[in-house]
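Residues per chain are reported as follows:
2 protein chains.
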Amino acid sequence: MSKRVAVVGLGLIGGSIAMALQGFEDYEIVGVDVSEPTLRYAAEHHVADRVTGDAGQALAEADVVFLCLHPQGIVDFLQRNRDGFKAGALVTDVCGVKTAIVEAAKVLPPDVGFIGGHPMAGTEFSGVQNALKHMFRGAHYIIVPNKNSRPDQVALLERMAAYMGCRDVVKTTPEQHDAIIAYTSQMMHVIAVSVCDDPKLFEFMGFEGDSFRGCTRVAALDVPLWTQLFSLNAPQLDAALERLEQNIGSYRQVLRSGDRRALAEKLEWSADRKRQVNRWEQEHQT
Amino acid sequence: MSKRVAVVGLGLIGGSIAMALQGFEDYEIVGVDVSEPTLRYAAEHHVADRVTGDAGQALAEADVVFLCLHPQGIVDFLQRNRDGFKAGALVTDVCGVKTAIVEAAKVLPPDVGFIGGHPMAGTEFSGVQNALKHMFRGAHYIIVPNKNSRPDQVALLERMAAYMGCRDVVKTTPEQHDAIIAYTSQMMHVIAVSVCDDPKLFEFMGFEGDSFRGCTRVAALDVPLWTQLFSLNAPQLDAALERLEQNIGSYRQVLRSGDRRALAEKLEWSADRKRQVNRWEQEHQT
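Top to bottom, those sequences are chains V and D.
With our numbering, the residue at position 154 of the first sequence is 155, and numbering never jumps.
With our numbering, the residue at position 258 of the second sequence is 259, and numbering never jumps.
Just chain V, with the same shape it has in the complex (with noise of 0.2 Å):
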């Protein structure tokens, strides 16, 4: 192996992203952690192809950089590292907000490239026992590259996704990302977590099917994490929110109306809209 990957930070989405590269071209996957456990459960495990609690060596040496922190996290290491990374390397991040992190990156000298990128998969749970080799396996991976980027760096982290099991790399701007994900990712955690606010939580118990199961399975969240990404986004996040309030305002309209037929009606266009979303991702399934 004559190239070297870092992937900085062990946790869910870290261990998984240095247990699905082993085998990557030629690159070396080298796992950094401050955590002895954690280094010792990934060393044990072979989460990584070596794993070191040497940051800077590991840095030094690395031909790509993952960071795989929480959002405040990758800030602070990008700027006590600015100087630490090799000359010519990539650097990238996993996190699940871009426009905070991409104006973090602008520390970098400039023969680092940073490309900020946001898989989008996860579970649940956190830390380096969680981790899959196949997390990533149908999942988009998302990417915000500038002008600047170097086209063979963007070629590499197409080609790392792919290697990965994820279904496409969508290029984005940071700003965009973020007004998507408070809607698509952020917004279904507010949703879990306002549903098991519900005083009547604990009485439903054995009433539950699969569709409230698949609505707060995400409630139980990392909430340091989550905390760091609902904040750094939002006023996106309040918007997505608001549009939600109107739209749920307006069933309960119709609810109250006791008018069946504008009821069929106005379930009939959301439900095609739906469907209509099914067909998207069945035709682009890979």
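It is worth saying that the hints were derived from the structure and are not from the lab.
Do not rely on the hints blindly, as some may be mistaken.
No distinction is drawn between identical chains; accordingly, a pair holds when it is met within one copy or between any pair of copies.
[Stated by the list, open to error] Here are the simulated PhoX-like cross-link-like pairs (lysine-lysine), alpha carbons at most 20 Å apart as the crow flies: (1) K172 <-> K267; (2) K148 <-> K107; (3) K201 <-> K267.
Source: prediction; values computed, not measured.
Starting from the structure of chain V, add chain D where the hints point.
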């Protein structure tokens, strides 16, 4: 086989019940439908031991009748066939509202026992082609017996639910069922369609992860069925949605305040409630 179960309505749920009940004790499973293509499909795929379009004959011979029609269809069927059931028969249904159905079943003669039921399972598809033998594996089966229900008929229903693979049988009143189901099931469907009503829906393509898929899966719903279910339980559903709006509003308030610590505390509270539900589910796993 000395006894007979008639499954009236070979749709998604009726078809699945007929498949799941084959081999139960010494019962022959007879599938009943009005649609020729459905009967042909059911016969070719052995959905039941035997299928027929003659509901009158099937009812007259059945010791147990499962009414697997839409809610209004059940009400109408009971009215129309009130004198067609075998003396001593157990009649049950599988639909998602219970107060209106139990009320409608009062037309039955005293020697026919009616116990409303609601197996908490399903998919977003409909029709016999989507029926599954294992649809009920791990699902709760809710029944609403009353003080006049024969213990042997309650016990029979419990054995059948167990045979179908259900996790447990939960007993409650029709009113309690409808109040809770408004929250655990109907509200999930209103959330799913409301999310799909968002003007950004079609922009998001390529940005959706499992949280979005989990929350919106049920949006591609059976419109006539859900129009009836919502309409027959509108006040309870509206009350549940009002509580949801308050809970989402409370999150929006903290988000807008910019108080990260308050947000983290709130998320911790909600996530802990979900973890309690998960623990309960694990403990009650069959």
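Cross-check of the supplied hints:
{"no.": "1", "hint": "K172 <-> K267", "in the structure": "neither (34 Å within a copy, 34 Å between copies)"}
{"no.": "2", "hint": "K148 <-> K107", "in the structure": "within (14 Å within a copy, 73 Å between copies)"}
{"no.": "3", "hint": "K201 <-> K267", "in the structure": "between (28 Å within a copy, 18 Å between copies)"}
Against the hints set out earlier in the document, a violation occurs for number 1 only.
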